[in-house]
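Protein chains in written order, with the numbering used here: chain E, 1484 to 1801; chain U, 1484 to 1801; chain Y, 1484 to 1801; chain R, 1484 to 1801; chain A, 1484 to 1801; chain X, 1484 to 1801.
Misleading hints may appear alongside valid ones.
Identical copies go unnamed one by one, so any copy, or any two together, can satisfy a pair.
[What the hints assert, rightly or not] In silico lysine-lysine, BS3-like type, Cα no more than 27 Å apart, as pairs:
| no. | residue 1 | residue 2 |
| --- | --- | --- |
| 1 | LYS1540 | LYS1767 |
| 2 | LYS1522 | LYS1487 |
| 3 | LYS1774 | LYS1673 |
| 4 | LYS1487 | LYS1540 |
| 5 | LYS1488 | LYS1673 |
| 6 | LYS1487 | LYS1702 |
| 7 | LYS1662 | LYS1774 |
| 8 | LYS1643 | LYS1488 |
| 9 | LYS1488 | LYS1522 |
| 10 | LYS1662 | LYS1673 |
| 11 | LYS1673 | LYS1540 |
| 12 | LYS1585 | LYS1487 |
Hint data in this document are derived by calculation from the structure and do not stem from the laboratory.
Number of protein chains: 6
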Amino acid sequence: MTDKKATLSIEGRADTIELPVRTGTLGPDVIDVASLTSKGVFTFDPGFTSTASCESKITFIDGNEGILLHRGYPINDLAQNTTYLETCYLLLNGELPNATEKTDFEDLISSHTMVNRSIEQFLSGFRHDAHPMSIMCGVVAAMSSFYHDSLDIADPHHRKVTAHRLIAKMPTLAAMCYKHYIGQPYMYPKNHMGYAENFLHMMFGTPCEEPNVNPVLAKAMDKLFILHADHEQNASTSTVRLAGSSGANPFSCIAAGIAALWGPSHGGANQAVLEMLNEIGDEKNIDAFVKRAKTKTTPSASWASVTAFTKILTPAPK
Amino acid sequence: MTDKKATLSIEGRADTIELPVRTGTLGPDVIDVASLTSKGVFTFDPGFTSTASCESKITFIDGNEGILLHRGYPINDLAQNTTYLETCYLLLNGELPNATEKTDFEDLISSHTMVNRSIEQFLSGFRHDAHPMSIMCGVVAAMSSFYHDSLDIADPHHRKVTAHRLIAKMPTLAAMCYKHYIGQPYMYPKNHMGYAENFLHMMFGTPCEEPNVNPVLAKAMDKLFILHADHEQNASTSTVRLAGSSGANPFSCIAAGIAALWGPSHGGANQAVLEMLNEIGDEKNIDAFVKRAKTKTTPSASWASVTAFTKILTPAPK
Amino acid sequence: MTDKKATLSIEGRADTIELPVRTGTLGPDVIDVASLTSKGVFTFDPGFTSTASCESKITFIDGNEGILLHRGYPINDLAQNTTYLETCYLLLNGELPNATEKTDFEDLISSHTMVNRSIEQFLSGFRHDAHPMSIMCGVVAAMSSFYHDSLDIADPHHRKVTAHRLIAKMPTLAAMCYKHYIGQPYMYPKNHMGYAENFLHMMFGTPCEEPNVNPVLAKAMDKLFILHADHEQNASTSTVRLAGSSGANPFSCIAAGIAALWGPSHGGANQAVLEMLNEIGDEKNIDAFVKRAKTKTTPSASWASVTAFTKILTPAPK
Amino acid sequence: MTDKKATLSIEGRADTIELPVRTGTLGPDVIDVASLTSKGVFTFDPGFTSTASCESKITFIDGNEGILLHRGYPINDLAQNTTYLETCYLLLNGELPNATEKTDFEDLISSHTMVNRSIEQFLSGFRHDAHPMSIMCGVVAAMSSFYHDSLDIADPHHRKVTAHRLIAKMPTLAAMCYKHYIGQPYMYPKNHMGYAENFLHMMFGTPCEEPNVNPVLAKAMDKLFILHADHEQNASTSTVRLAGSSGANPFSCIAAGIAALWGPSHGGANQAVLEMLNEIGDEKNIDAFVKRAKTKTTPSASWASVTAFTKILTPAPK
Amino acid sequence: MTDKKATLSIEGRADTIELPVRTGTLGPDVIDVASLTSKGVFTFDPGFTSTASCESKITFIDGNEGILLHRGYPINDLAQNTTYLETCYLLLNGELPNATEKTDFEDLISSHTMVNRSIEQFLSGFRHDAHPMSIMCGVVAAMSSFYHDSLDIADPHHRKVTAHRLIAKMPTLAAMCYKHYIGQPYMYPKNHMGYAENFLHMMFGTPCEEPNVNPVLAKAMDKLFILHADHEQNASTSTVRLAGSSGANPFSCIAAGIAALWGPSHGGANQAVLEMLNEIGDEKNIDAFVKRAKTKTTPSASWASVTAFTKILTPAPK
Amino acid sequence: MTDKKATLSIEGRADTIELPVRTGTLGPDVIDVASLTSKGVFTFDPGFTSTASCESKITFIDGNEGILLHRGYPINDLAQNTTYLETCYLLLNGELPNATEKTDFEDLISSHTMVNRSIEQFLSGFRHDAHPMSIMCGVVAAMSSFYHDSLDIADPHHRKVTAHRLIAKMPTLAAMCYKHYIGQPYMYPKNHMGYAENFLHMMFGTPCEEPNVNPVLAKAMDKLFILHADHEQNASTSTVRLAGSSGANPFSCIAAGIAALWGPSHGGANQAVLEMLNEIGDEKNIDAFVKRAKTKTTPSASWASVTAFTKILTPAPK
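Isolated chain E, as found in the complex (with noise of 0.2 Å):
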């Protein structure tokens, strides 16, 4: 991958400096800049605009150009054909699964969606209108408690369970902050149900009612989850690395994640998803909203999101 190499003179500095290139299939030149402190110099990047910290192997993303990449397929054709337990199966494993690994996965997350009864404790001690990404922040935080005397991070095997608990407790936690705001008892996932028609099913779900999602609902909640999979090396992704470089718990670093991502300056994107599905309300409506989608200028940070999702509700001619 790489055989170029950069040289780099420093005023005043004798010697000059070989550094590697990694040249990748898509995307810009990459100077290794590793050794450099080995030779006394330093580079200043504020925010870490032009540093990357690891190579992807998973996630390409061109904002300008509307690309996004997992594992080398189109997020559209992720989001017309797979389920978002497909695409983090993907994410995870480098391909997507055939059947049986597709029910296999889908039955291990679902054995991992409930949360410890303390996790009510926690909720209990926040105030009603405390914003949900600081509930969410401390929950998470929180659970690291519950893992970590059996958890081992340099084994890839623990690794990979906490990353399959992260995904099955997710909505389960997500939906029980919103319960705790609307001051609603807490829903039980339900382990038959797939998974983003359980998240509905926790989130507006009643004791008071027979359970009874919207198919319509769930298949796009799906979708958002798929387009919101990954988005390479963001702020929060960053975070989550820089803090698990210490070999932290990985439930804390995701935590660390979620303090990031609150920032208006990061997580707009992330607020403006609630706010489309709240908007959208009902399945009559999704036409008008594509429609408007298309045509509104919507912030760059979320644009692969939406030209995908307009691709993929829009309906194919027959």
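Assemble chains U, Y, R, A and X onto chain E, guided by the hints.
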């Protein structure tokens, strides 16, 4: 500060790129790479070991030489001649406080030592044997909910009040975590006590005894706080800065930093201090401990701390 | 409505005072004394037995004649031909609902049956053997806090929503009080059930059994609700009106009314109903009970209720 | 007391009705209309503005003249020469206490200041931002459950003990509501403190500081309590009396009164006092405040209070 | 039953003492020493290994011969032909129930399966990793408070109701302890399920899944309950009897027995059963397990159980 | 100690059985029957009235003669010349402590007086009117969970620490039960107070008053503790021993003993003491009470206690 240039040439690329070089009064040359991305080039630096993301006007650290300067003052001068709160004032304001400013600052911090009663509710959700760093991370994240509505992150005064709250409440939270662990009642802060004295009171006092903190231990504790006041751009600090770069809530960002600090390859120095304190146990053991600390090989991460510590606690020849 | 006059002369006072007289289509003459205070005269009426404080367009009651009219409909017509919710609609709107209005109203009330989870917290503060009226009074008063900020007492729509909430949530609260007393888990309302059926389900159902409410008992319960829908200006109603006259929160005012209703010289009828229900126990006992109720001397306060009740439950001759 | 007669003739009615007139030593003539109902006539008086429902042996108030007498003592005499507890004793017993009676009464009230720990449980059910009047209403209503079983409302001694409990516990409850609001720990009453001093201690004291109540503020608070000790038959008092007329639990009836007091058209004076206290803030501001209070137009409802207040706080010429 | 005598002569004592001898239809001679104390003599029997304190009409056990009779029925007959509740009925009443009695008894036990909600409060006081026997002991002791006031220990009916409550609630409590340990929500009993099925549902069911108990496992569980229904006068039984001999509350006495059962030298058989169940895991493993159980040396204490168990589970030759 | 033999011959049995006889320095002959079971013979002794299960080196009691010796010291000597903690030391170690041992033991017990905060959680699960013996039984049983993991019942030091914990924590628990009953806050132990003084402080002190225990009452309480320190092998002691014989957790075994003590035919003496204390009420009543106690017939069970009590409290002639 910058009057030199570096020149970068990349194999297979016709042009050369000129980059400004920043030369500090202390330390190595720093090449500003922020403009690289506009030329279609990235640097690659796993762990950010060669990349600085900010200019620190606060701290200069050179672990190899055992140098740690805060605002230009050597750490052992600070440890011998100031209190922890004076050092905090110095870090926040650039100058040590005069007598009036010192008293005002102490009163200010005293007035913020209590935490909302809901914090007890959070704590009761943690298992008795949860890791203290997990609890600290969760609780500090949760605190973000109490001050979010009234916080304008763009207002310097709001940011300063948040700093004061964090300095004031951290010992209270830490002591509550410990009391939760051992099943004892929480001890409220006593505003007439000094910062370190108060911390020890909240940690080891009980409602069965009159407050009675060993002044030698309190003084040693205060020195230990000074030694840990700032360590420049380590993993936890960088995590806080990165999370905060999106404008997120400061309590959440500090929680993110705590997550990073938890990691075994970073927070070791931290645990070492507690174990050191544990090991000293009694005033009469200090000399022996210092002698041993001087001779034994300590982990490099806490080298500066221990070097400075031995200087402080060794009685000056009379 | 008023075209007569009354003339009042007071010994030792030169002038006579002319007062308007209001003559209803039913009932005695009513002298309007509101202007007296401006003439330096007060009336004195301990217990307000001779003083009406409002014109009721809703209810006409004549206990001696066994007449109870709501919006002009005799209570036994209502009890035989309508449901409790239809009667509520009548009392609120002046007319019985048509089929659509009925369904809409039932759906509306169903959507308000749940109470905030914090209510469970209040209940747990009560001793298991606390008097149910004490609990109802405290809990309803506490509910005022949940809807106060969004309530504009001057807005007719807000007032109407509050009425709907009170109708919908009262059975839930009453059943929760009962469950608290016997130490069983609270049963959530089931929105597909009828009003009285739901109440009985929440009272006597358990999570150990499938919902299974005796329809005869549910129907009888519904009749009993109709019979207690309104009793004009008794002590509890007057208390609600008096408390409300200052613009206070409607939940608090209803709590005030519950306090008044608790008193032994007023709420006796209320307790009697519960005991009546208790005594009936099983479908097969209804005939015997009605026969006995017809012959036995009942306290005059609930005379209208029992008279109407016997008429309803006596099977019409085939 | 009654030796005059009033004669009432109603248009279209042959007979005239003779009614007794009660003439007080102070105030307007009062016509006893209790017998009207037996003649088939009602009076109509929305808001009961012209109708007294009892003879008050306790309080005479004439807002227009700025006169407020308790048991014949002008309020400003009471405020200048007695404590609030002496005034309570006066209201309850008809005479001011001698030295022994005063001490005994103070000891008696001190022994009832604590509230059952379950009250903390109720409070934790309220949202942090619940309106304090909502909390007071709910909590006082809830207290009815603690003393109901042992209460014989027909026993004068039981009624008196209830009055003592209400006087003693009300400041404790009010302070608990405030502490709940700001998230601070509840401060237990200190029995060696005076009534107003204790209230301020429970409101503003914390476990971080030794008890330290400003005596000037305590004295002013005590005066404010005196000024609000009784205001005759206003909406809240009438509500308490009406609710109580059915023999209901006295705590519930007071809760009913609190509901009435909450209303914006009645409890304004009440809020004004708290705001006044807030505004004074410091001893040095009293003179300025009094001066301003004298000149500014105050709402008529609290006129008597403020007039009396200025008389008390203006230092007598030496 | 007694027609023999034993004669005791003590060295240095002139008289001989005559003692009645009780001869059972099964088992060794039993000398009645109750009268010895009146002769100034005691017997000494550490651990009461030679001393019976009662005549058991219920159970005959001879561990060496592998015989265990309840009311004369061999345990393997009971295990093969009855349910656990039938065996309970037998132990309580002396005879197996007929069809009606069986149904009535099952309904009776079903109606007592729930426990007071306060029990959840107790459980939340236990650490997540508390030993289950510690929890059972504490919780059962605590239950004594719920039924003490209405309990007349001298009334046979009251005693019987207590037995029914204990049989009905014990599985509920045991399952709650388990759920507390793993942090899952408590599952309410389902009254339409069989005794053992219900226990397994409460143990391993979750609100995420429809109730779904493996009938083979439920049947095996029922057999295991039968095998442990009574073991005559072992340490725990004797503790219950001794504690009960003072007329103490039956729930407390059972708690005392649980304390004794906890001890490693007594409750081993009990733990062995759970481990056995754990080990079997799946229907298909039963044969292998039974074969192994037959050959391996098992602790003598549970010999009878395992012998009987192998007989039951070995399919009869067809 | 044993040099005599008893000879047992059973009708219809050829051989005679020889049994060793143990003769104490005090009390009746004791025949060792432990070997009987190996001869195929049992003794039968309902209530174990003739059977001792251990040799007590601690206590000799002869209720008929009013003799109660602990380690050879008459109880009235102990009550007059020692404190309760000295008597505990004597019972545990065989000898009274010297001055240093006494202080060390008092400090040791003081350091164990607090109980884990979770205990408050248990208590809150009990109804306010639960029987105190039920609460004590449940709470002590629950405490077994806190010390189980670190307890090696075979280690004499662990057993001793458990004894110290039980002595130290029992008054704290008893006082907490009482405070739970009356709804007052729990009072923490004060380590500078004596054992009985501390108990009375925790029982009757409140946070509203400075600690202020009547020293005469404290001294009397201490005597009462001495009188109840040990009563040899009564039902509760035997229950503790029997439960403990299986190696069970000591806290659970003491809970078992509390269950036995609750029984009306055993714990009567216990209740009598509390009522005695209640009756004395004030220092000035002691003489009269003692006089009355001397003349009135007391239940035989507590005879020794009351006899000793009168001897202690009667002032010696000067």
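Verification of the supplied hints:
1. LYS1540 to LYS1767: Neither way: LYS1540 and LYS1767 sit 39 Å apart in one copy and 44 Å across, limit 27 Å.
2. LYS1522 to LYS1487: Both ways: LYS1522 and LYS1487 sit 20 Å apart in one copy and 17 Å across, limit 27 Å.
3. LYS1774 to LYS1673: neither (34 Å within a copy, 39 Å between copies)
4. LYS1487 to LYS1540: Result: close within a single copy only, 20 Å intra versus 37 Å inter.
5. LYS1488 to LYS1673: neither (56 Å within a copy, 63 Å between copies)
6. LYS1487 to LYS1702: Neither: 46 Å inside a copy, 58 Å across copies.
7. LYS1662 to LYS1774: neither (32 Å within a copy, 51 Å between copies)
8. LYS1643 to LYS1488: The answer is neither: 37 Å in one copy and 47 Å across copies each exceed 27 Å.
9. LYS1488 to LYS1522: both (17 Å within a copy, 17 Å between copies)
10. LYS1662 to LYS1673: both (16 Å within a copy, 18 Å between copies)
11. LYS1673 to LYS1540: neither (34 Å within a copy, 51 Å between copies)
12. LYS1585 to LYS1487: Close neither inside one copy (41 Å) nor across copies (58 Å); limit 27 Å.
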